[in-house]
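J.: Next come the chains, spelled out residue by residue.
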Amino acid sequence: MAWWDELSLGIKVTKDAAAIAIDASPGEPFFTVAGGWVRLTGLLGYCTVAPGLANTCQFTLEPDAVGGAITVLSLGLDINGQTEGDLLTITGDPGVAMVGGHVARQQMMPAAPAGVVLSPGVIGFIATAAEGTYRWVLWYKPIDDGARVTVI
Amino acid sequence: MAWWDDLDLGVRVDRPAEAIALTGTPGDPYFTIAGGMVLLTGLIGIVTVAPGAAQTLSFELSPTVGAGADVVLCTPTDIQTATLGDVVTISGDPGDALINGHLASNLMMEDAPNGIALAPGILGLVATDTLGTMRWVLWYKPAEIGATVVVA
Numbered sequence: 001m002a003w004w005d006e007l008s009l010g011i012k013v014t015k016d017a018a019a020i021a022i023d024a025s026p027g028e029p030f031f032t033v034a035g036g037w038v039r040l041t042g043l044l045g046y047c048t049v050a051p052g053l054a055n056t057c058q059f060t061l062e063p064d065a066v067g068g069a070i071t072v073l074s075l076g077l078d079i080n081g082q083t084e085g086d087l088l089t090i091t092g093d094p095g096v097a098m099v100g101g102h103v104a105r106q107q108m109m110p111a112a113p114a115g116v117v118l119s120p121g122v123i124g125f126i127a128t129a130a131e132g133t134y135r136w137v138l139w140y141k142p143i144d145d146g147a148r149v150t151v152i
Numbered sequence: 001m002a003w004w005d006d007l008d009l010g011v012r013v014d015r016p017a018e019a020i021a022l023t024g025t026p027g028d029p030y031f032t033i034a035g036g037m038v039l040l041t042g043l044i045g046i047v048t049v050a051p052g053a054a055q056t057l058s059f060e061l062s063p064t065v066g067a068g069a070d071v072v073l074c075t076p077t078d079i080q081t082a083t084l085g086d087v088v089t090i091s092g093d094p095g096d097a098l099i100n101g102h103l104a105s106n107l108m109m110e111d112a113p114n115g116i117a118l119a120p121g122i123l124g125l126v127a128t129d130t131l132g133t134m135r136w137v138l139w140y141k142p143a144e145i146g147a148t149v150v151v152a
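In the order they appear, the protein sequences are chains A and B.
First residue of the first sequence? That's 1 in our numbering, and the numbers climb one at a time after it.
First residue of the second sequence? That's 1 in our numbering, and the numbers climb one at a time after it.
The set of hints was computed from the structure by calculation and includes no laboratory data.
Some clues are possibly wrong.
Unchecked claim - Distance windows between CB atoms, simulated:
1) B:Val151 x A:Thr150: 35 to 41 Å
2) A:Ala114 x B:Gly85: 30 to 36 Å
3) B:Ala97 x A:Val49: 22 to 28 Å
4) B:Ala67 x A:Val66: 44 to 50 Å
5) B:Gly24 x A:Ala24: 44 to 50 Å
What the hints assert, rightly or not - Take a look, some chain A residues computed to stay more than 10 Å from chain B by CB distance:
6) Ser8
7) Thr14
8) Ala18
9) Glu28
10) Asn55
11) Pro63
12) Val66
13) Ile70
14) Ala104
15) Met109
16) Thr133
17) Asp144
Beta carbons are placed, not taken as given, at the ideal position from N, Cα and C, and that holds for glycine.
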């Protein structure tokens, strides 16, 4: 990896705005982690179309390794209260729900300022309803040479 | 954005010293966020003329999007005891009061070491009186291409 991959929050990956689809665990594939371990340092969603109705969402990681267990990156949160311009994120603690609400500001990964270690796999987005449209920004730092995250 | 925008605390924006104006929510417009989401990584104020009497301050974000809700970056606090050269700042936790007192040093964003994500809008200073003069320094990192913060 290049030395500048370690600057600030690391490498930024953006996912264009897309309508949320109903997906059970392990969720709709959003990002691929490949080539080794990475540290997830930020994951931020921007609401472009309000859900308007109940929609409980959370992120998971489905590991590539055979026998790997699907793990959550956050607990579920009903994003019904969000409107255009509101922000959605995770704290970094997998035991804590996603952070949303009708707010246009969010603390970035306050529970994991050094990041969340992820093995190669697919980061998926679970949603209980097809309500709302979001665009996403993910930041990461490679741990292993060749490790990377790409949008699906 | 340039790669150096992500170094250290990011891009610095200075607001020259001026008398505080009595302004209710969402506050006297101090900084404008435009072009996309940013990560606020620091916000400090330096007292150049002591308030001398009760003066309660807080920061709010008024989102550009019409449906957006005004949100606080900190809860209000009285800076009466601050004198020339004292420093006020925010912890990064919106539930914490603006950090102040008769102090010439303060921790920077101790509760949000990776910053606070902000949607486009106006950062305003809410003040309960016209007492005191301060200058301000804000640091940010663009979370999206084209996102900027400028003095309002």
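J.: Hint by hint, note whether the structure agrees.
T.: Status of the hints after comparison with the structure:
1. B:Val151 x A:Thr150: 35 to 41 Å: 38 Å, holds
2. A:Ala114 x B:Gly85: 30 to 36 Å: 34 Å Cβ-Cβ, so the 30 to 36 Å window holds.
3. B:Ala97 x A:Val49: 22 to 28 Å: 35 Å, violated
4. B:Ala67 x A:Val66: 44 to 50 Å: Between B:Ala67 and A:Val66, where Cβ atoms are some 46 Å apart, the hint holds.
5. B:Gly24 x A:Ala24: 44 to 50 Å: 47 Å, holds
6. Ser8: It is violated; A:Ser8 is separated from chain B by about 4 Å at its closest Cβ, not greater than 10 Å.
7. Thr14: 7 Å, violated
8. Ala18: A:Ala18 is indeed farther than 10 Å from all Cβ atoms of chain B, at 16 Å.
9. Glu28: The assertion about A:Glu28 holds, with a minimum of 22 Å to chain B.
10. Asn55: Given that every Cβ of chain B is farther than 10 Å from that of A:Asn55, nearest at about 17 Å, it holds.
11. Pro63: The claim stands: A:Pro63 keeps its Cβ more than 10 Å from every Cβ of chain B (closest is about 25 Å).
12. Val66: 34 Å, holds
13. Ile70: 26 Å, holds
14. Ala104: Its Cβ does come within 10 Å of chain B, the nearest being 4 Å, so this is violated.
15. Met109: At about 5 Å from chain B, A:Met109 fails to clear the 10 Å cut-off, so the statement is violated.
16. Thr133: 14 Å, holds
17. Asp144: A:Asp144 is indeed farther than 10 Å from all Cβ atoms of chain B, at 22 Å.
In this structure, the earlier hints numbered 3, 6, 7, 14 and 15 are contradicted, and the remaining ones agree with it.
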